[in-house]
Amino acid sequence: MSNAIPIGCAGMLKRTTVLLYVALCFAVFAQDTDTLRRELTIAQTLVNNVLQFVAFNFSTNRNQDTVKAFNLFTSDINPIDTVKYGYVASNPYCLTSGAYQNLAASEFNPCLVNDYPSHYAVEIRFKGSYSSGNSLSTNLYQKYILFLAFNIDGQPIVSSTSGALSAVNSKISYFVCYNPTTVSSFIDSEGNITARDYINNGIRAGGNTTSSSAVTSLSTADSKFGGIGSCLSAESSL
Amino acid sequence: MFISRIQFMMRSILSILILLPCLAFANVLSDIKSEAFSQLSADDGLLLNVMNNLALNYQKDKFSMTTSTICYDTTTCSELEAAGVSNLVTASASQMNSTQIASVTTGFIPLTTSVNCSVNNQTARANVDPSGFSPCLTSSHPGYLALEVRFKQVASMVTISGSLDNKHVLFLAIGPGANGPYIVKSSALPTMDNIGGFQCLNAHGSAGDGMNNGGKLGSIQMQGVKQMLITYLPNGNRIGGFSQCLRP
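Residue numbers (the working numbering), protein chains in the order written: chain R, 16 to 253; chain B, 28 to 275.
Be aware that one or more of the hints could be misleading.
Below are the EDC-like pairs computed for lysine to aspartate or glutamate, each with C-alpha atoms no more than 20 angstroms apart in a straight line [to be verified]:
1) B:Lys89 <-> B:Asp236
2) R:Lys142 <-> R:Asp80
3) R:Lys239 <-> B:Asp58
4) B:Lys60 <-> R:Asp168
5) R:Lys142 <-> R:Asp47
6) B:Lys253 <-> R:Asp168
I should point out that these hints are in silico values taken from the structure, not numbers from a laboratory.
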């Protein structure tokens with residue numbers, strides 16, 4: 016009597032193994048996506064508050080020339096590292112030779128804001144790891160997003176001495192999220208990525224929408240000024 | 028019956044959801060509007076006092092009246108001093124803090140001035156001559172009895188309404204009567220005993236003109252169209268006030 020498994024049974028076993036492997040992969044993906052979704056939801060709550068504060072603060076202090084840091088309460092579950100808000104410099108210059116280390120609290124990452132000179136904006140940078148030592152999801156790990164302030168006329172709020180714009184630019188109506196895959200300074204004229212940009216490194220916050228591990232929507236709502244949920248649509252990377 | 032009630036409720040909720048973004052829009056616009064209204068209404072009181080004082084001074088001194096300037100903003104006071112404005116009064120700190128007006132100059136616009144119109148490109152603000160008037164605003168009205176109001180800039184007062192920020196208006200005095208003529212200084216004897224009222228000159232101008240830089244006092248530009256945010260103030264007076272400047 017032979018110990019060999021009949022050919023038909025071996026085939027079934029192989030198919031079952033493949034199915035189990037696929038199911039396991041999906042389970043791991045699902046778990047990763049759940050973690051990312053949880054981190055994004057917590058970030059959404061924080062950002063909702065930040066955007067409301069910035070809009071309110073702007074209405075009573077819109078002449079603030081210097082970029083300021085928003086102090087976040089230190090919490091173990093907070094995935095956000097820094098929040099900065101204010102007017103982008105009139106000529107931000109992005110050095111493409113490497114990562115910007117230890118940017119001052121009064122300085123936006125120039126590569127992130129390079130395409131938005133003089134715009135009023137809020138920069139959000141995610142942490143690499145929590146105080147417990149656990150890493151954030153790779154689709155958030157040290158990534159950046161930028162919220163650009165818009166007025167009631169649907170135009171970005173840009174620093175200007177024009178008397179025609181002084182009234183309409185005196186209040187923020189909403190924010191539009193910029194969540195780049197790769198910032199423009201690292202893309203050549205033919206559309207090729209020239210180097211690692213140290214902003215989102217080819218995968219935008221929340222994951223590229225073409226990926227199965229990306230989170231493209233949240234079940235909780237953004238604030239009336241906007242929020243993290245708006246960063247998850249494919250259009251926010253443009 | 029029950030189903031139709033549910034349908035009605037669903038429709039109501041849907042309408043509210045559709046209206047929410049519009050309400051957010053309306054809130055921001057009404058915030059801008061009410062801010063401009065409340066600030067200009069408060070400043071109107073100060074303007075009426077100055078107008079009444081000017082009327083009394085004219086009644087008393089006629090053509091021998093001198094120009095005088097009151098400044099309500101330390102930056103503007105320094106600018107006026109640097110320009111050699113002689114008859115300059117600095118308001119008290121509490122007066123400075125309570126108004127969006129930077130300075131008010133009253134009197135006869137000089138017949139000739141040695142100072143040409145120029146603009147500080149950094150502040151988008153026109154210069155003043157030693158009389159306290161801005162040549163850019165008054166050069167076409169030599170000899171007119173006038174009152175020039177300059178508003179503060181957001182750099183001096185962070186809470187100033189955008190529709191008041193760095194604006195300039197000129198009030199020309201007119202004589203009494205339904206069709207009173209302008210009161211203009213000349214070598215002849217004065218023909219009018221009193222000021223009957225004022226006519227406000229409030230022009231949009233153009234970007235970089237140092238006056239209203241393309242948006243006049245009380246206005247807002249949306250979709251390329253300039254409109255008045257407010258068209259009246261509640262405490263109008265027979266002699267004048269900012270209400271006169273709010274015509275579209």
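So, going through the hints one by one against the coordinates:
1. Taking the CA atoms of Lys89 of chain B and Asp236 of chain B, the gap is near 33 angstroms; set against the 20 angstroms cutoff, the hint is violated.
2. This hinted pair does not check out: Lys142 of chain R and Asp80 of chain R have alpha carbons roughly 27 angstroms apart, beyond 20 angstroms.
3. The hinted pair formed by Lys239 of chain R and Asp58 of chain B meets the criterion: a straight-line CA distance of about 15 angstroms does not exceed 20 angstroms.
4. A C-alpha spacing of about 14 angstroms is found between Lys60 of chain B and Asp168 of chain R, which places the hinted pair at or below 20 angstroms, so the restraint holds.
5. Between Lys142 of chain R and Asp47 of chain R, the direct Cα distance comes to roughly 17 angstroms. Compliance with the 20 angstroms bound is thereby established for this hinted pair.
6. A distance of roughly 12 angstroms separates the Cα atoms of Lys253 of chain B and Asp168 of chain R; the hinted pair therefore holds under the 20 angstroms criterion.
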